[in-house]
Structures are given as C-alpha cells and as structure tokens.
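Let the sequences and hints guide you as you build the complete structure.
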Amino acid sequence: MNQTFIALLSGLLFGLGLGLSQMIDRQRVLGFLDVTGTWDPTLLFVLGGAVAVTAVAFRFVLRLPHPIFAKTFRLPTKPDIDAPLLAGAALFGIGWGISGYCPGPGIVALVLVSWQPLVFVAALVVGMATYQGYQSATRASK
Amino acid sequence: MAEFYWIPALAGGLLIGVSATMLLVFNGRIAGISGIVSGSLGWAADRQWRRLFVVGMVLGGVFYEYGLAVSPTPQPMAGVWPMVLGGFLVGFGTRLGNGCTSGHGVCGLGRLSVRSLAAVVTFLSTAMVTVYITRHVLTLG
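Taken in sequence, the protein lines are chains A and B.
For the first sequence, the positions run 59 to 200 when the working numbering is used.
For the second sequence, the positions run 61 to 201 when the working numbering is used.
Hints in this document: simulated from the structure, not taken from any laboratory.
Check before you lean on any hint, since a few could be wrong.
Said to hold, decoys possible - Residues from chain A that face chain B, not an exhaustive set, calculated with beta carbons under 10 Å:
no., residue
1, G75
2, D92
3, T94
4, G106
5, K129
6, P142
7, G153
8, I156
9, P175
10, A180
11, A198
To be verified - Computed beta-carbon distance windows for the label pairs:
no., chain 1, residue 1, chain 2, residue 2, range
12, B, V197, A, R132, 41 to 47 Å
13, B, R107, A, L120, 22 to 28 Å
14, A, A195, B, L172, 34 to 40 Å
15, B, S131, A, G95, 33 to 39 Å
16, A, D140, B, S131, 40 to 46 Å
17, B, I193, A, T188, 19 to 25 Å
What the hints assert, rightly or not - If we take Cβ atoms under 10 Å as the criterion, some of the chain B residues that face chain A in the derived model are:
no., residue
18, L83
19, S94
20, W109
21, V118
22, G165
For every residue, glycine included, the Cβ atom is placed at its ideal position computed from N, Cα and C.
Below is the structure:
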C-alpha cells in the first residue's frame, strides 16, 4: 500500500517536473540538440537540476541498510560498458533526434491531446515489444 | 527566448530529482522511465507500481498543463513518420541499452555510474548528429 502510494506520488512529481521544465515541448528539446543552430540550453538546466539532487541525495540514501518501505535496493548490476549498451544508446539517440521525444516527455505530452505524442507512444510500445521478441528469439537459439 | 526561462527549467529539474530520490529512498527503485514503462506492459511480475507511476506522470502533466501553465504548451507540427520511426527506435534502443534520459541520465549520473555516463555521451552524440542531419543537411525543419 505504502509503496503504491509512493509510486503514484513520485510519478506525479516526475510528470509535473517535465511539464514545468517545458520538456514536453519538442521544440525545446530539438533546440537543445541543434548545436549548430540557435541553441536552446533549457534541457541543460533540467538535467543539471535533476542530477544535482540525485548526486547528493543518492549518496545518503544508498547508505541506508534498506529502503523505508522495501526489503532491498534494486539497482542495476551490470558494471561493464558493452556493445548492447552502446548500440542501444546510439539507436535511442537517433530516435530522440528524429522525434524530439524521449520516453518521459513523450508520455507526459499525451495530456496535450494531439496526435503526435499518441503516435510516438504507440511506436515506443511497439519498439519495446519488438526488443522483447528479439531477446526471446536470441535466447531460444542459444 | 524569455530572459528567465531557466527558472522553471531548473525548478522542473529539481522536482524530477526529488521524484527519483523518493522512489529510491522509499521503494528502493530507480526512476528509469523506459524500464518502468516496459515493465508496466505486462511482462514483469511487479507491474502494478510501474502502472501507477505512469498514471502519476500523466496526472502530473494534467496538473501542469491545465493548472499551473501560464500559456498552453506549443505543439509544433510534425509528420507522422518522424513519430513512428522515432518512437520505434526510442523503444527498441532504450531496452537494448537498458535505459534512457532518466535511468542513465538523472539516476545513473547521480550514482556516478561510468556505464551510464557512456550511455549518456552516446545518446546525446547520436541525437545531436541526427538533428544536424535532419535540420541542416536534409533541411526537413
């Protein structure tokens, strides 16, 4: 019960933050990525502000024996920089540059009631499902 | 561009940082949107909290756009193909690379993860090159 409330509240703050910071406006994001055009630094303040909080807070949080409402911290365990990481990040960047949306802003932009985010999110889900299928296929062939 | 554009940007960024910290300190989870969304679609056993997080995100967006926003968020025109192709690549790429701007960016950089730093440098680079090509080489707007 407590954990579900936190998930909802944390999602709400996240969505509010993406709205307030104008990341749901594709033009802002594309303006940041357009380094040879009229560069828009907005995204730098958003990412900078967010990382400033996590870089300080996570240090203290991760010293706790366990999370307040859960038994363990569920952190990524892969330490190495491997080919799937770089290939995946590269593909994600291309998609981000084409659409102007990364997953968070794409979903929150659904509230703008326009077809662009709707098509983006539908294609996002198809892309995720395709990866899931690709992964089960490669696992089965091993 | 408005002179004080950076104030809401910074405030929004701080809220995102607080949200990620809350999820970690209470639930022990990383606020990576691509992972949360993918896990909410029915493959993960613990999809309930992920679905609630996504519902919360949309509620936060509604609260901003129809409550706080001084003017409606602009919706620049875009063709259908950039959305289809972009969405697909973002979906596939973030699963292959285990994260997006939030998981690798906000949380990974916060944990001082070298793996996440490599991902962030990679996706920022390919995104900037892509925008350079679409805007300045192909001049698609």
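*Could you tell me which of the hints above the structure violates, numbers in ascending order?*
11, 15
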